[in-house]
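Trainee: In my numbering, the protein residues as written are 1 to 485.
By construction, these hints were calculated from the structure, which means they are not laboratory data. The beta-carbon is built from N, C-alpha and C at its ideal position, and this holds for glycine as well. A couple of the hints might just be wrong.
[As the list claims (entries may be wrong)] DEER-style ranges, computed between Cβ atoms:
id	residue 1	residue 2	range
1	Lys193	Gly72	22 to 30 Å
2	Asn356	Asp192	54 to 62 Å
3	Leu225	Ile416	41 to 49 Å
4	Met465	Ile292	30 to 38 Å
5	Gly72	Asn359	20 to 28 Å
6	Lys193	Ile100	33 to 41 Å
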Amino acid sequence: MGKIKGKINTENILCAFIILCPILDIASFLWRNCFNTSISPSTIIRPIIPICVAIYLFFKEDNKFKKWVIIGGLIYLIYGIIHLVIFQNFHTLSSYSNVIHEAQYIANYTFMILALGIFLYVFKDKDVKNLNKSIIISAGIYIISIFIAILTKTSSSTYIEGMGYKGWFESGNSISTILILSMFICLINLKDKKLRKLIIPIIILVGIYLTTLIGTRVGLYGFILVLVIYAFVEILYNILHKQKFNKRVILLVVAGICAVILVVIAVGSSTVQRRQHLKDIQKDIVDENTNIESHITGSLLEIKQGIENKTLEEGYLSEAQEKSILELYDIANKLNIKNNDQRMQQLIYNVVLVKNQHNILSILFGNGYMNNFRELVLEMEIPAFLLNFGICGFILYFVPFLSIFIYSAYIGLKNIKKINQEYILLLLGAGFALAISFLAGYTFFNMSTMTIIVVIDTLLMKQTMKIKGLAKKEIKQIDSKKVKK
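All chains should be built: construct the whole structure from the sequences, respecting the hints.
Mentor: Structure (structure tokens):
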């Protein structure tokens with residue numbers, strides 16, 4: 001009993017939370033599909049562990065810690081209330097969802113910052129070996145469950161056309177991102193002889209799945225890029241530090257890249273099929289005004305015609321939204337944007353909308369993420385933080401992650417001779433997460449993806465502080481030598 005009690009601490013509880021993530025994701029998907037509901041018990045269960053840890057730390061730590069927690073909590077609460085009030089004022093009949101759904105985004109992003117703070121605080125002076133292991137185990141559960149779903153023919157399709165497999169999970173892009181980011185942690189620990197036997201099969205299965213079965217660009221290109229990054233880091237580090245190459249590791253990575261290319265050529269890839277499908281249907285949408293291929297989606301073309309013919313239901317769109325759709329149409333035609341390039345259309349529309357709304361409060365606190373027509377809800381998260389959640393939302397939700405990346409990069413460059421492969425891979429992993437959030441979206445909002453990003457940033461800060469500590473120690477040694485002279 002004493003041994004069990006000794007293992008129950010905040011670090012191990014948070015590691016258990018990471019391992020539970022894929023199980024909760026599966027439970028959520030199955031519950032929602034079995035009972036045809038948008039709510040699942042996992043939504044309530046998932047935050048309990050980090051919140052309990054936060055409450056424990058709040059009562060355990062000193063008054064200074066409590067003071068900062070209270071101030072931070074009040075700032076996020078006040079922002080959330082103001083944002084939701086503005087959301088309701090901008091709400092129209094065309095809005096994709098309601099204030100409750102918008103509140104869920106606020107809650108998720110606030111929980112993300114809470115999780116970041118908890119992990120950074122708990123592991124600042126602790127060993128992170130179990131933290132690494134928990135990500136590896138979690139990745140193993142994800143990929144094994146996906147193959148079980150495919151083999152039992154119970155897997156859901158990545159796209160509504162029936163292309164790709166995403167197992168028992170909600171989003172193909174999210175599961176791609178989770179597995180890609182997990183690969184950074186797996187590759188960092190590849191030299192550990194005890195973990196290698198577990199890591200290699202996971203990497204192989206993940207590689208087969210992401211490059212041939214899932215159908216997302218994040219999966220196919222991301223996996224290849226991660227392997228290339230790892231090989232490049234290993235080679236460059238060994239050259240700069242004049243060390244012997246670990247031939248096994250390099251050969252394994254090169255063989256992996258070659259195998260991926262050969263498999264994609266021989267077997268084919270759902271990603272390639274998906275891109276070809278989008279190319280084929282692109283010509284199906286014709287603009288009646290020009291009698292040529294449209295440069296916006298068919299639904300937006302209908303809305304644009306409704307605005308011009310004044311046939312839209314009263315209150316369906318605001319005046320600023322109508323003006324922004326017309327401007328989107330002109331810009332899309334001018335730039336020859338593809339009608340299935342929804343992300344670019346969303347970005348243009350949302351930028352133009354902020355300009356047309358002329359509202360300082362919406363610029364500061366956001367005009368509402370779910371306040372637009374379904375095809376115009378901004379998938380690219382980083383622009384969404386700025387445009388839909390405002391400058392304050394951008395600072396509160398995104399800047400903490402950006403700051404960790406910039407600060408770590410600065411310390412690393414300043415002490416370039418002291419950095420190791422682990423630091424480089426973690427820095428690139430953190431940067432990769434930001435890039436995916438910008439290009440693909442639905443990264444920080446997804447709790448499981450967000451958890452892995454939080455872990456990567458926690459490990460990165462540990463490495464950064466270690467490098468900074470080594471630099472300080474070296475300066476003290478130099479100063480002591482000067483004093484002796």
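Trainee: So, for every hint listed, does it hold in this structure?
Mentor: Hints versus structure:
1. Lys193 with Gly72: 22 to 30 Å: With Cβ atoms ~42 Å apart, the hint is violated.
2. Asn356 with Asp192: 54 to 62 Å: About 55 Å separates the Cβ atoms of Asn356 and Asp192, which means 54 to 62 Å holds.
3. Leu225 with Ile416: 41 to 49 Å: violated, 23 Å
4. Met465 with Ile292: 30 to 38 Å: Since the Cβ atoms of Met465 and Ile292 sit about 58 Å apart, the hinted range of 30 to 38 Å is violated.
5. Gly72 with Asn359: 20 to 28 Å: Holds - the Cβ-Cβ distance for Gly72 and Asn359, about 27 Å, lies within 20 to 28 Å.
6. Lys193 with Ile100: 33 to 41 Å: violated, 51 Å
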